[in-house]
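Read off the chains here:
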Amino acid sequence: MRDKNQASPFDEHHKANSVFRSKFLKECVIGIVFLCFSAVFVEAQPRFTNATSNSGINFRHEDGRSGAFYFLETLGAGAAWFDYDQDGDIDIYFVNGADLPGMESDVTPTNALYRNDGGGNFTDVTNEASVGDPGYGFSCAVGDYDNNGFPDIYITNFGPNTLYRNNGDGTFTDATMQAGVGDSLWGASAAFADYDNDGYLDLFVANYVQFAVNSNPECGAIGIRTHCGPGAFQGTASVLYRNSGDGTFTDETEKAGVWNPDGKGMGVIWCDYDNDADLDLFVANDKVEDWLYRNEGNGSFKDVGLTSGVALNEMGAAYSSMAPVFGDIDNNGWFDLVITNFQDEPNSVYYNDGDGFFSDITYQSKIGGPTLARLAWGADFADLDNDSRIDLFVATGHLEEKVHLLNPTTTYPQQNQLFWNRGDRTFDDVSGSSGDGLLLKKVSRGAAFGDYDNDGDIDILVTNSYQTPDLLRNDTVNRNRWLVIATIGTLSNRSGIGTRITVTAGESKQMREVKSGGSYPSHSDMRLHFGLGESAFAEHIEIRWPSGLVEHFKNIETNRFLIATEGKGLKEP
Amino acid sequence: MIHSILYSSIKKQRSAWCLRLILIGIIGLYCPTATQARDEVDLIKNLADAKQDVEANPASLEAHLNLGFAYMELGSMHRAEVAFETVIRLDPYAPSGHYWLGGVYFLQAKYEKSIDVFKRSLEKLPDWSAAHHALGMSYFERHNHEAAEIAFSKALALMQKSDSPRYEVPRSSFRSRGYGWSIKLSPANTFYFLGLIASHRGRLDRAVTFWRQAIEVGPPLAEVYFELGVAHNKAGKWKDSVHALREAIRLRPEMPAAHYQLARAYLKQGRTSEGNTELEEFKRLKTSYDQLNAQHTMIRQAPDAAITLFRLARRFMRQRKYVEASREFQKALWHDPNLVEAHSGLGHAYFGLGRLDDALKAQQKAIELQPDMAEAHVAKGLILLQRAEKSEAKADYERAISAFRKGIELNSKLEIPILVRASLGRIYLQEGKLKEASHQFEEILKVDPNSGDAHYYLGTLHVRRRNYEKAEESYGHAIKLDPTSAKAYERLAHLYGSRGIRRNTAVRLAQKAVELQPDSAACFNTLSWLHYLNKDFEKAEAAVKKALALQPNNQLYSEGLTVIQQARLAEDDGK
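Read top to bottom, the protein sequences are chains A and B.
414 is the number of the first residue of the first sequence in our numbering; add one for each residue after it.
835 is the number of the first residue of the second sequence in our numbering; add one for each residue after it.
Bear in mind the hints are in silico, worked out from the structure with no lab data behind them.
C-beta atoms are modelled at their ideal positions from N, C-alpha and C, and glycine is treated no differently.
Lysine-lysine pairs mimicking DSS-like chemistry, simulated, CA-CA at most 25 Å apart:
1. Lys1314(B) x Lys1280(B)
2. Lys995(B) x Lys958(B)
3. Lys1117(B) x Lys700(A)
4. Lys1379(B) x Lys1369(B)
5. Lys1269(B) x Lys1304(B)
6. Lys1195(B) x Lys1155(B)
7. Lys715(A) x Lys700(A)
8. Lys715(A) x Lys1102(B)
9. Lys815(A) x Lys947(B)
10. Lys958(B) x Lys947(B)
11. Lys995(B) x Lys953(B)
12. Lys1117(B) x Lys715(A)
If you only want the chain B side, here are some residues facing chain A, beta carbon under 7 Å, derived:
13. Glu946
14. His977
15. Ser1033
16. His1034
17. Arg1035
18. Gly1036
19. Val1064
20. Lys1068
21. Pro1090
22. Tyr1094
23. Arg1098
24. Lys1102
25. Phe1116
Between the sequences and the hints, there should be enough to build the whole structure, so can you do that?
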């Protein structure tokens, strides 16, 4: 583990500035102030190193392309950070595509599980664990649906989805049939959550469009064959599975009021956006209005997307939405919303007004402008420099290999984007100055976030379409402190999904919710990470469990990993 | 010299491309074509004229420019490019060639090329404000806000100078936000874009300043009020927001985005009822525009797809937007001159526009290409009937009948317009083909049970069949459904008179008929006859004289007058 408190190389620079100041203070006040601010800014800025090459990860995404331009080739696939063996460090699950007509791989592409061996090394344990689903996969979500203490994996496919139950001995069993969750529509993403707070994880599957490989329409522009857009296909309904508590699920889509056959679901996220202690559901649709299903607290939902202001853009039009992400950008106690969108569409930023309405601050936040020229996919908020403000990472990449012929100013591979939170509801685009990990230009799709080296900062796993993934290690150097808290539910679901933790440290009061799924089409480390600036102690920690139990803890020392067990307090692993 | 060529070109095109652009203002936010095409343009004829002009004057810049415009109108951007490139080849210093070439690239979203061409255009004429503006728009579409701001600022500065050449620029059919290409170059328009740039940079206050300037300098643009409304929404200035958005809607009622934002402003204030009303209006407009945009997308993806253009035209026809429909039918025909349905559709569009001769030509072309096209025959009949009714040309009337008959003969299950059925029914009635006539009127009543006319003619038909009770019933229905129908009153009165029943009622009915239609000689004649039957010769004479006054040469009325006068004499003798 690297020492986060080691001297920064910028300290020398700082000292030099001090000498400079003492000598020419009166003459150079303005210049010195500028230099000081520059130094502080650079010091705080996140830095990422591409750590893939020696990690042992040799996974490569396959999309089955053969030149037939099947629509499903373009969406890529996701990955998950989760501690499948409960050994204290997070492992990786990669979702893969499959062969399509016209393509026969020598080795059948399958999903893959990489065990984290520590020291930045991973080992492929797919076969031992029996999780090599060969379906044409897109996303995965993780949650302990049977409350046995070991996280299970749900994979959405083009075709029947798959549920792997974790046996707790390093192996999994395909429990799809038994659980009754093998929805056969084109699942783009999924997320577990206990929407009825009965202690068992339910599951929402966002389905995309009606497509069949044997009826693949031809599309193109200026004589160049391209993949068709979503407009060429009919939408389809998504599915809400309610966990019966006996290892099976029932389809409650219509009963719960979330059935809509016009949807073209890409991303899904659960979040208690209205602070009423139950999880609401947001579904990002492709070129169809997005849905914000407010949990009515009685097992049903009401779509308030249009009236709340998050269903459409300012023009009243639907964007090609990909990933929805909730996060409290100004630490005011209300979750705000970002949705990644297609190229020439800005990533939408909706500020939660706290009264059931959202205000569109896309351009005011300064995220809108820089994202117009990128095709954005997976994203999430995370405090990447531990300064107590959540930053935003966005994975980008076009879906047409020959897009440069259609638009000479853009490219198929694109540089991912990092937006640094300034603390005033605006962000700085620091993509070009955040280390070599951010300078890569690839065809990115998924992004999963987690502290894989347990050094107190958030690393990022980026999946790339028809390419190898990138493990971006967070090598930010500063003195900022942190807390990472894992949750174990006892009355609530065992994963603690939906648990809200609020940490007060110094002047900041931050909240996070444990979530499954989220960033297109990936799943992040479920341990909650808090950057705390220079605070040595968190004065107050509040944990609100889905069961309704609220626990309070005071004066918790920072720079620690903690486990919160419902009703049993906080402890170190 | 350059300017004069440029302006003369514009002048010549005012009836077509440019004038339309000037009229339109900035393009609809949601759908570029929603507000376009308010004038009628003969696209194919324009092209033919332009080609002829080029053949006659191969070295004329103006001729090639017009050819380019004609191709642009038809959506053939590649050919337009060639035409404008020819202008440049003929005169490398002609800014108009560069400018319009840039415009064509812009319309195809080839912004790198349009930027390059506009820059070259400005090398030739650095003080050309419109080119700076167009360059700004190209940069804006490329999200190069810095360069766009510089270009717009230059345009604005130059617009203040009276000697700066002005030049309209074409609209855009592209881009998701649908800003389009500004049409009438004005400082307001440029301020609008400067505001957008500031807004995209997150500088909302600066944006609001620009939009306020746009309003100050005018003319009023719906887009400016819309953006101001959105900005006020963000600032929580609900009153200002509602005011601005209402103004946007006043300027352009079919602007879905303005209704959406207005709904948001109302809902945020707790004005739920008003908010929901606006939301419903928004949804209605959005559905329509979404469908239209989907078709435009298809056309862009397959520019030679005549059938897609044809479908779009039909969509306009359903909306009774005949100008837009005629344009799309023409584009379809340009891509496929043998698309018989498009010829017929164009005929319908012209008919809707009252251009009967052109409509007839289009239907005849359809029949020529497909002689068994029943719909075209019926449509042709309808046009001829309309023309006959306008000019009372008997030949047209007969040709109409012939066309109707041909259409029905070709397809007995054809869905025939009511107007046609009514005409056919009358014709059959006149010819004594009572069964056929009855069928037509009954079919009308199936579609429109409240058709007073159909009941009226059925009454006449029943009289012919000597089924007087039914005739009385039908006339009664006709009067009930249309209490202003003088002919129904007159015929019922006549029926009672001829059967020798309800004579007093008959007189009252006839009096009602003449009241309703005091210029109807027939009504006066019937009234006269009924008075005569009641032996009220004085009134009979007065009535028939009124009929004769209206139709002095009517032999029947003259004879009637003689009979009445003889009767009066006989009565006097008897006394």
